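Novice: This is what each chain is made of:
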Amino acid sequence: MRPLTEEETKIFFKKLAEYIGSNIKKLLERPDDQYCFRLHRTRVYYVSEKIMKQATNTGRKKLASLGVCFGKFTKTGNFRLSITSLDYLAQYAIYRVWIKPSAELSFLYGNHVLKAGLGRITDSTPQYQGVVVYSMSDIPLGFGRTAKSTQECRKLDSEQIVCFHQSDIGEYLRDESKMF
Amino acid sequence: MSRIKFEEEDIGINEPKKRKVNKSKKPIQTKVIEMKEEKKEPQKIKLKLEKTPQKEEDYEDEDEDEMSKLIEESKQIEKERKKEIEDGAEELQTNIAEQQTIVFESGQQISKPLNEGADLALLKQRIGDIVYVLSDYQKNREGNRSRKWYLKKLYNNLSEYYGYNRFIIQKFSQLFSVSELIEFLEANEAPRPVTIRTNTLKTRRRDLAQILIHRGVNLDPLAKWSNVGLVVYESQVPLGATPEYLAGYYMLQSAASFLPVMALAPQEHERILDMSAAPGGKTTHIASLMKNTGILVANDPNQDRIKSLISNIHRLGVKNTLVTMHDGRDFPKVLGGFDRVLLDAPCTGLGVVSRDNSIKLTKGIKDVRRSTHLQKELILSAIDSVNANSKTGGYIVYSTCSVTIEENEWVIDYALRKRHVKLVSTGIEFGDPGLTKFRERRFNSSLKLARRIYPHKLNMDGFFIAKLKKLNENQDENQDENENEDENQNQNENENENENENQNENKNQNQNKNKNKKKFQNKNRNQNKNRNQNGNKKKFQNKNRNQK
Numbered sequence: 001m002r003p004l005t006e007e008e009t010k011i012f013f014k015k016l017a018e019y020i021g022s023n024i025k026k027l028l029e030r031p032d033d034q035y036c037f038r039l040h041r042t043r044v045y046y047v048s049e050k051i052m053k054q055a056t057n058t059g060r061k062k063l064a065s066l067g068v069c070f071g072k073f074t075k076t077g078n079f080r081l082s083i084t085s086l087d088y089l090a091q092y093a094i095y096r097v098w099i100k101p102s103a104e105l106s107f108l109y110g111n112h113v114l115k116a117g118l119g120r121i122t123d124s125t126p127q128y129q130g131v132v133v134y135s136m137s138d139i140p141l142g143f144g145r146t147a148k149s150t151q152e153c154r155k156l157d158s159e160q161i162v163c164f165h166q167s168d169i170g171e172y173l174r175d176e177s178k179m180f
Numbered sequence: 001m002s003r004i005k006f007e008e009e010d011i012g013i014n015e016p017k018k019r020k021v022n023k024s025k026k027p028i029q030t031k032v033i034e035m036k037e038e039k040k041e042p043q044k045i046k047l048k049l050e051k052t053p054q055k056e057e058d059y060e061d062e063d064e065d066e067m068s069k070l071i072e073e074s075k076q077i078e079k080e081r082k083k084e085i086e087d088g089a090e091e092l093q094t095n096i097a098e099q100q101t102i103v104f105e106s107g108q109q110i111s112k113p114l115n116e117g118a119d120l121a122l123l124k125q126r127i128g129d130i131v132y133v134l135s136d137y138q139k140n141r142e143g144n145r146s147r148k149w150y151l152k153k154l155y156n157n158l159s160e161y162y163g164y165n166r167f168i169i170q171k172f173s174q175l176f177s178v179s180e181l182i183e184f185l186e187a188n189e190a191p192r193p194v195t196i197r198t199n200t201l202k203t204r205r206r207d208l209a210q211i212l213i214h215r216g217v218n219l220d221p222l223a224k225w226s227n228v229g230l231v232v233y234e235s236q237v238p239l240g241a242t243p244e245y246l247a248g249y250y251m252l253q254s255a256a257s258f259l260p261v262m263a264l265a266p267q268e269h270e271r272i273l274d275m276s277a278a279p280g281g282k283t284t285h286i287a288s289l290m291k292n293t294g295i296l297v298a299n300d301p302n303q304d305r306i307k308s309l310i311s312n313i314h315r316l317g318v319k320n321t322l323v324t325m326h327d328g329r330d331f332p333k334v335l336g337g338f339d340r341v342l343l344d345a346p347c348t349g350l351g352v353v354s355r356d357n358s359i360k361l362t363k364g365i366k367d368v369r370r371s372t373h374l375q376k377e378l379i380l381s382a383i384d385s386v387n388a389n390s391k392t393g394g395y396i397v398y399s400t401c402s403v404t405i406e407e408n409e410w411v412i413d414y415a416l417r418k419r420h421v422k423l424v425s426t427g428i429e430f431g432d433p434g435l436t437k438f439r440e441r442r443f444n445s446s447l448k449l450a451r452r453i454y455p456h457k458l459n460m461d462g463f464f465i466a467k468l469k470k471l472n473e474n475q476d477e478n479q480d481e482n483e484n485e486d487e488n489q490n491q492n493e494n495e496n497e498n499e500n501e502n503q504n505e506n507k508n509q510n511q512n513k514n515k516n517k518k519k520f521q522n523k524n525r526n527q528n529k530n531r532n533q534n535g536n537k538k539k540f541q542n543k544n545r546n547q548k
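Heads up: the protein sequence lines correspond to chains A and R, in order.
Taking UniProt numbering, the leading residue of the first sequence gets 1, the next gets one more, and so forth.
Taking UniProt numbering, the leading residue of the second sequence gets 1, the next gets one more, and so forth.
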């Protein structure tokens, strides 16, 4: 476990900013407690300093997880957000997409969101923007990227893709053994 | 005369072949079997059986030549029984009022149909008969049949009917009276109701219930004592795959596993340790009671199970955890000074047979002994990890999903002797109190504050929960270890004695030899253990021992 290097921080924040924009600041400067990002075995964890200090007592091999995992660095040096970060993404997301109950399950099986399943979308979302996907009852279901801007969405056929799937909470079932 | 006969009866059970025929024995001329009502057949059956004195002797002689005769006879009995079923129920009803003595065929005949393939209905009826006899032994017994004889037959029939190995039946029978034992075994056959726990970090129970009812789930609040539990009667959707489940609104969790956490009563801003946490049902429950404040250390040594633990922690939105993969016995050395510790100890699982049927056959005395040993080590490190001077806490909750004495009262009693702790009330109002005496053992009288949960009484998994309060820190560790050694040796000897008792029925000289070997190994092991503090080495030795 160690703090992120400057290079890693840059890559990580760039990725994170695609979903929550300048709200990253709110993650780092919290009124209740000191929080920090820590890298442990290629994964980035968001954790309070108090817990982080406790974690230094356990060896690297024995430490499995601390706080909330945001994602991991791939071997090529890119950063990949994981579904476990959804709680924070949903809290601070700038652009959001809501999907109809009929399309919920399809999304949770890992499919893209089609126009037919689109319930609502934040106004003036640009194309290829990172968005958090919610159900109509405001349960965060996952995140992805818009395939079209809000303007273009209005003209689309019902079978065309509105939002590309990136990650969804169905992974807790599908990939439990591969997640950590 | 009767005394002599009695003894011979007993000998006959254990060593049938050495038995001599007692010609002077007064024969029983008429045998009448009143069969108790069976659940599957509404009719009551009466069976009459005439026997000549000579045959009676033959049975006890156990001559192999008589086998074929016996088979024929049993076939005849079957025929007669079928006839009797057809003869209406009127006659039978009148027989109920009369007090009749039940007569059993000799052991030979009873075991016959079992070998040919268990006739479950017959077995069940036999069990019923014996229970009836034992309900008023003085009145109902046949001749001088000893109670022991009846009990032995009963246990054999029970293990055959419910599919347990003898050891487990024996263990259970030491805990319960005969009628309660059958209730308990019957309860193990039925699954417990499906229960879910609302994740109060994300939603409220009322809201969750409403959402799930919309999805076609039929549910109710679990019980008065829980404000987060829901019991599910039937569901049109798989409960482990609804969007709400995936979003972490609830956790599938058995009702009994709410209790250790409720007993622990975690407070906000505390430091809490969950020693064997996977798959995270109790851990996330603790976190939701702490409202994501303070520090929760979730430990589990198993690399595979840790994945589901981490995944559940994230799914339920728990943010204050530190997940480690230590052996629980490392604990005060790695991290210590906790306000509360939950030790949901690894156990044989003899309380959750309904969840996993393989337990019925796979667990033996070795498993119980092994887990007892581990539990004793774990509870000491749990106690050592607690800060006795904590302002809010200083508590340890010990729980297992087993019902045996060895894994529960015995372990707590051991902890009470080894560390400066006392038992306190768990805050759970139902359940049976812990046992303070068991056969020849006497435990600390405060053990009645612990709670035993039985499936047949509360329709929950079998569970044991005890809450300890640590009184002060001072402990001389070296002294402890020396004591440990003595203690373990004594206990091993005790256990061996027990084993002797248990194995009277299957007399086997080889086993005796093995026992002696084992004794020796155990002693060696204990000494080695004290020398090596290294956990890995310990593991290695354990493995070696298992292979032997």
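In case anyone wonders, no lab produced these hints; they're calculated from the structure.
Mixed in with the good hints there might be a few duds.
As the list claims (entries may be wrong) - Per label pair, the in silico range of CB-to-CB distance: (1) A/Thr9 - R/His214: 53 to 61 Å; (2) A/Lys25 - R/Lys391: 34 to 42 Å; (3) A/Lys178 - R/Lys224: 35 to 43 Å; (4) A/Pro31 - R/Arg204: 43 to 51 Å; (5) R/Lys366 - A/Lys178: 49 to 57 Å; (6) R/Ser390 - A/Gln151: 31 to 39 Å; (7) A/Asn23 - R/Lys333: 20 to 28 Å; (8) R/Lys457 - A/Leu173: 33 to 41 Å; (9) A/Met136 - R/Arg204: 13 to 21 Å; (10) R/Ile213 - A/Ser177: 26 to 34 Å; (11) R/His269 - A/Asn57: 44 to 52 Å; (12) R/His420 - A/Asn57: 37 to 45 Å; (13) R/Thr392 - A/Gln34: 55 to 63 Å; (14) R/Asn389 - A/Asn57: 56 to 64 Å.
Since the model is a prediction, treat every value here as computed from it, not as a measurement.
Note that the Cβ used here is the ideal one computed from N, Cα and C, for glycine as well.
Novice: Look at each hint and say if it fits the structure.
Specialist: Consistency of the hints with the structure:
1. For the hinted restraint 53 to 61 Å between A/Thr9 and R/His214, the CB-CB distance of approximately 44 Å leaves it violated.
2. Against the hinted window of 34 to 42 Å, the Cβ-Cβ separation of A/Lys25 and R/Lys391 comes to about 36 Å, which satisfies the hint.
3. Look at A/Lys178 against R/Lys224: about 42 Å separates their beta carbons, and that is inside 35 to 43 Å.
4. Between A/Pro31 and R/Arg204 the beta carbon distance is about 25 Å. The supplied range of 43 to 51 Å is therefore violated.
5. Roughly 36 Å separates the CB atoms of R/Lys366 and A/Lys178, a value that falls outside the hinted 49 to 57 Å.
6. The hint said 31 to 39 Å for the Cβ distance between R/Ser390 and A/Gln151, and at roughly 60 Å that hint is violated.
7. A/Asn23 and R/Lys333 have their C-beta atoms about 41 Å apart, which leaves the hinted 20 to 28 Å range violated.
8. In this structure the supplied range 33 to 41 Å holds for R/Lys457 paired with A/Leu173, their Cβ-Cβ distance being about 35 Å.
9. Range check, A/Met136 to R/Arg204: about 19 Å between beta-carbon atoms, so the 13 to 21 Å window is met.
10. Checked against the hint of 26 to 34 Å, the pair R/Ile213 and A/Ser177 passes, with Cβ atoms roughly 32 Å apart.
11. Checked against the hint of 44 to 52 Å, the C-beta distance between R/His269 and A/Asn57 comes to roughly 20 Å, which is inconsistent with it.
12. For the pair R/His420 and A/Asn57, the supplied restraint of 37 to 45 Å is violated, since their beta-carbon distance comes to about 25 Å.
13. Between R/Thr392 and A/Gln34 the Cβ separation comes to about 23 Å, which falls outside the hinted range of 55 to 63 Å.
14. Look at R/Asn389 against A/Asn57: about 20 Å separates their beta carbons, and that is not inside 56 to 64 Å.
Taken one by one, the earlier hints fail for this structure at numbers 1, 4, 5, 6, 7, 11, 12, 13 and 14, listed in ascending order.
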